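Please model the complete structure; the sequences and the hints are all you need to start from.
Protein chains in written order, with numbering that gives the first Met the number 0: chain F, 0 to 168; chain H, 0 to 113.
Treat the hints loosely; a few may be bogus.
[To be verified] Heads up, incomplete: computed chain H residues facing chain F, CB under 7 Å, no partners named: (1) MET0; (2) ALA22; (3) VAL62; (4) THR63; (5) PRO70; (6) SER82; (7) LEU89; (8) THR90.
No wet-lab data here; the hints were simulated from the structure. Here the structure is a predicted model, which means the values were calculated and not measured. All C-beta atoms, glycine included, are put in the ideal place defined by N, C-alpha and C.
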Amino acid sequence: MRGDGARASCATGGKGKSGPASAAHLLMCHRFLCQPLTVRATLECLMARLAPVILSQERAASTELVVAEVLNNVAEHAYAGAPGMVELRVCRIPDGLTFEVVDHGVPMPDGTPPLGRQVLHDVPLDQLPEGGFGWFLIRSLTRRLDYRREPGRNRLSFLIPLDPGMALP
Amino acid sequence: MKLVSERHSDAIVMRVQAARIDAAGAIPFKEAVRAGIDDAAARVVLDLSSVQFLDSSGLGAIVTVMKILGPERRLELACLSPSVAKVFRLTRMDSIITIHDTLPADIGGARHAG
Chain F
0 MRGDGARASC ATGGKGKSGP ASAAHLLMCH RFLCQPLTVR ATLECLMARL
50 APVILSQERA ASTELVVAEV LNNVAEHAYA GAPGMVELRV CRIPDGLTFE
100 VVDHGVPMPD GTPPLGRQVL HDVPLDQLPE GGFGWFLIRS LTRRLDYRRE
150 PGRNRLSFLI PLDPGMALP
Chain H
0 MKLVSERHSD AIVMRVQAAR IDAAGAIPFK EAVRAGIDDA AARVVLDLSS
50 VQFLDSSGLG AIVTVMKILG PERRLELACL SPSVAKVFRL TRMDSIITIH
100 DTLPADIGGA RHAG
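Structure below.
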C-alpha cells in the first residue's frame, strides 16, 4: 500500500525557501505525484513524522484529516484526476505546525479557496450533498489559511495550532 | 473493500473490514455496500469499529449509501472511533444519520453470517 517513491522521499530536506518564520524548523519536505493512493502513502509518512511532535491523539487525527482534504482537493480539482506534482512542506513553529502545499494545476475558482458549507438540515434525502464537506473541515480545523496564485502554481499555507490557547473544535 | 454481513430478521449488520474510508476507498466502499444490501432489510447497520480514518470522500460515500437505501430503509452507524465520530460531529451529519456507540441491542431474529 505504501508507495516506495513516497517512502524514499520522506526524509527532511529541500531548498531553504522563504519560510513563514526564521524560527521554523523543517519537519518534512515531500514531493510526489498527487493521486488518491499516493496521498494515502504521504499521510502515513506524515503521521509517522509528526508522532513525536503531536502528543494529542485528537489533534493528530485532525491534522491527518486536514492534510488529506487539501491533497485530495489538489488531485481532484487542481489536476482534475491527472497525476501532477505536489510539494508538501511541514514546519514546527513555536505555536504550532505550518503546512505549505504547492501544486502546478489550475487556479482555484475566483482566485480564492471556497468558503466550505455546513450540511443543510431538513432537506429531503435525495438533496443531501455528497461532497463539499472538505473546505468546511479545512477551515474549521486550521488557522491563518492563505492562498496565493503564483505564475503557474498554487501555494496554500495554513497553521495547525499546538498551543492550547488557540482553540479548535 | 471487504464487508462482513450478518443477516437478522429485520436488519443487516455490515462490518467494514478496512482501516480507512478515504478518497482511494470511497468507490470500493460504495460498491461493497451496494452489493451487500438486500431488499428485505428495513435497517442497514454499518459497524465502523475497524475504521480509523474517514475523510470528506468517505462522508460523501455514506450519504450516497443513504440515498441508495431510499426513504423506506434506514441506514445507521455503530462503533465509531473518536476521529471518525468527530467528522460527523463537525459537519453536523450526526443530526441526519443515527449513530450508536455500540451495536444496537434491539436487532432481533436469527443471525447468520453471509
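Run through the hints listed earlier and report the numbers of any the structure violates, in increasing order. 1
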